[in-house]
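First to last, the protein sequences are chains A and B.
Residue 1 is where the first sequence starts when you use the numbering used here, and the numbers rise one by one after that.
Residue 1 is where the second sequence starts when you use the numbering used here, and the numbers rise one by one after that.
If you're looking for bench data, these hints aren't it; they were derived computationally from the structure.
Since we're looking at a predicted model, the values are computed, not measured.
It is possible that some hints are incorrect.
Unchecked claim - Below are the SDA-like pairs computed for lysine to any residue, each with C-alpha atoms no more than 25 Å apart in a straight line:
#, chain 1, residue 1, chain 2, residue 2
1, B, K320, B, P287
2, B, K17, B, L102
3, B, K185, B, A329
4, B, K17, B, G123
5, B, K116, A, V71
6, B, K185, B, A196
7, B, K17, B, A69
8, B, K116, A, P80
9, B, K116, A, L76
10, B, K17, A, R65
11, B, K116, A, T72
12, B, K17, A, Y64
13, B, K68, B, L102
14, B, K116, A, W78
15, B, K116, A, E79
16, B, K185, B, P14
17, B, K68, B, A83
18, B, K185, B, F118
19, B, K320, A, W78
20, B, K116, A, Y64
As the list claims (entries may be wrong) - Which residues of chain B face chain A? A partial, calculated answer using Cβ under 7 Å:
#, residue
21, F135
22, Y246
23, A262
The beta carbon of each residue, even a glycine, is placed where N, CA and C say it ideally should be.
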Amino acid sequence: MVTGWFTGDGDDFTLLGTRCSVCASVFFPREDAHCRNPGCAGGELAEIPLSRRGRVWSYTDSRYRPPSPYVTDPELPWEPCTLIAVELAAERIVVLGQAVPGVTVADLTVGAEVEVVPGVLHEDGETVFTTWRWRPTGVTA
Amino acid sequence: MTGEVAVLGAGMHPWGKWGRGFVEYGVTAARAALADAGLEWRDVGSIVGADTVRGGYPGYVAGATFAKALGWQGARVASVYAACASGAQAVAAARAQILAGLADVVLVVGADAAPKGFFRPAGGDRPDDPDWLRFRVLGATNPTYFGLYARRRMAVHGDTSEDFAQVKVKNSAMGALNPNARYRKRVTADEVAASAVVADPLRLLDICATSDGGAALVLSSMEFARRRGATAPVRIRAVSTVTPTYPNTVLDLPDIATDSAAAVEPTERTFRASIAHAAYQEAGIGPEDLSLAEVYDLSTALELQWYEDLGLCGEGEGAKLLREGATAAGGRIPVNMSGGLASFGEAVPAQAIAQVCELTWQLRGDAGQRQVEHARVGITANQGLFGHGSAVMAVR
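Looking at chain A on its own, in the form it has when it is part of the complex:
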């Protein structure tokens, strides 16, 4: 589903993007076909790890169960999940992700620092679908 979007475990977990060898543009989700900078003739797109920490650009939550293809158990009551858009300074990019379970909008402010950690999107008995999650570091703006 999202092959090559992240790698590693624990403190080594990082999002993976790509970077153009000619203009140094960064892409996430990874762009492997062509550099999308209109002023660039196009170069090799090499895989790079993204910064593990960033600042909250904005945040919200989903109080109602999202429709498919999001996978949820309709037998269980819906637990609202929190979404955080995070600005990575070095890459000058904003990346959206779910917050780690238990973090609500009340725990967040724009500008606060968060870090990327692995999380489980869902599991179906045979497969555990890993994803990325944003977790507050406790450092505020």
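Using the hints, position chain B against chain A.
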């Protein structure tokens, strides 16, 4: 200046949840627009439809579907898909045909029967579709993006939930006067505050519903309009259909991330601002000349953003403009006198056409109790998924 086209007719099928097919809504709107223009369907040389989804392959249909329902008469046909900007792109296609001399009279139609609840992507495993991915990986519905924008405005500009609610109060007051609107009840700030949170900080009454509906326009060359005795018709002077400029640094539906600004500095104008700017440039008209605007208020907070993107006020001053009453009926620059999406809900391919219908009625002086006095110049603005942006400028 690329030349003008005349709006000879405008028509709608009322918005609501009617439980019927989109063809019926589109044909009703088309017949209303033709009657308004005083023309027969056989007088139409071309039909352009804003696409919607039908079950069969390839699923996205419009122009020919409406042509068949109205009765095959050999007209030129086109269909366009541009998500929420589909209707404006249909207007653009029609205008281009008229200005190119390919047709004297073009019928533009958009209609939809919206699904219940959240919009969702088409079925199947489609990881090459960013719209599918944001649902599959993040469960990020449209309202969560609206929530992100709203929270960002609160943090950066100091907007409050009460400001957002006042947008709903204003638009619902106008919708109450519009027979084509789905919601025709005035809403109070307390009612907004008492509605359930959908995507913090936005509540149910901050977010537009999905609806059924249809809208249509009859456009013609200026020469044809004159021949028919329409000496001073409403004219479309500009249609902007721009894409963003790399790097697009505001998180846009349905993307999971922005473009990176690591290699290229962002331009001064955001995507939304560039949509309006292109229309102003083409029309040779500035925001100070506007009599009214119809903008895509997918959420109350987003309407405030449009004030700034249209240049009605400076950055961060949207809520101030609202509080001053400038964008309400009788204000300096009334916005969403139709009631907006707050009162209509979204019938995606129809909404951008419906915005132009409202401009047409306002510029003719036919808007009844919603009438903006001495309306001479109007703009519409909207944004569709996947980098579609459109604005239409009409003058009288």
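Verification of the hints:
Pair hint K320 (chain B) plus P287 (chain B) holds up; C-alpha atoms about 17 Å apart against a cutoff of 25 Å. A threshold of 25 Å between alpha carbons decides the hint, and for K17 (chain B) with L102 (chain B) the separation of about 37 Å lies outside it, so the pair is violated. A distance of roughly 16 Å separates the Cα atoms of K185 (chain B) and A329 (chain B); the hinted pair therefore holds under the 25 Å criterion. With a CA separation close to 23 Å, the supplied pair K17 (chain B) and G123 (chain B) stays within the 25 Å bound.
Proximity of K116 (chain B) to V71 (chain A) is assessed by CA-CA distance (about 19 Å); at most 25 Å being required, the pair is judged to hold. About 18 Å separates the Cα atoms of K185 (chain B) and A196 (chain B), which keeps this hinted pair within 25 Å; it holds. Taking the CA atoms of K17 (chain B) and A69 (chain B), the gap is near 21 Å; set against the 25 Å cutoff, the hint holds. Note on K116 (chain B) and P80 (chain A): the hinted pairing holds, with a Cα-Cα distance of about 20 Å set against a maximum of 25 Å.
About 21 Å separates the Cα atoms of K116 (chain B) and L76 (chain A), which keeps this hinted pair within 25 Å; it holds. Restraint check: the Cα-Cα separation between K17 (chain B) and R65 (chain A) comes to about 22 Å, which is no more than 25 Å; the hinted pair holds. Our distance criterion of 25 Å between C-alpha atoms is met by K116 (chain B) and T72 (chain A), whose separation comes to about 19 Å. About 21 Å separates the Cα atoms of K17 (chain B) and Y64 (chain A), which keeps this hinted pair within 25 Å; it holds.
Taking the CA atoms of K68 (chain B) and L102 (chain B), the gap is about 21 Å. The hint holds against a cut of 25 Å. With a C-alpha separation of about 19 Å, the suggested pairing of K116 (chain B) with W78 (chain A) holds against the 25 Å cut-off. A hinted pair counts as satisfied when its Cα atoms are at most 25 Å apart, and K116 (chain B) with E79 (chain A) qualifies at roughly 21 Å. For the hint linking K185 (chain B) to P14 (chain B), the alpha-carbon distance of about 15 Å falls within 25 Å, and the restraint holds.
A distance of roughly 23 Å separates the Cα atoms of K68 (chain B) and A83 (chain B); the hinted pair therefore holds under the 25 Å criterion. Of the pairs offered as hints, the one joining K185 (chain B) and F118 (chain B) holds, with about 23 Å between alpha carbons and a cut-off of 25 Å not exceeded. Between K320 (chain B) and W78 (chain A), the direct Cα distance comes to roughly 37 Å. Violation of the 25 Å bound is thereby established for this hinted pair. The suggested pairing of K116 (chain B) with Y64 (chain A) holds, with an alpha-carbon distance near 14 Å, which does not exceed 25 Å.
Given hint, F135 (chain B) at the interface with chain A, holds; its Cβ is 5 Å from that chain's nearest Cβ, closer than 7 Å. Taking 7 Å as the C-beta cut-off, the interface hint given for Y246 (chain B) holds, the closest approach to chain A being about 5 Å. The restraint placing A262 (chain B) at the interface with chain A holds, with a minimum CB-CB distance near 5 Å, inside the 7 Å limit.
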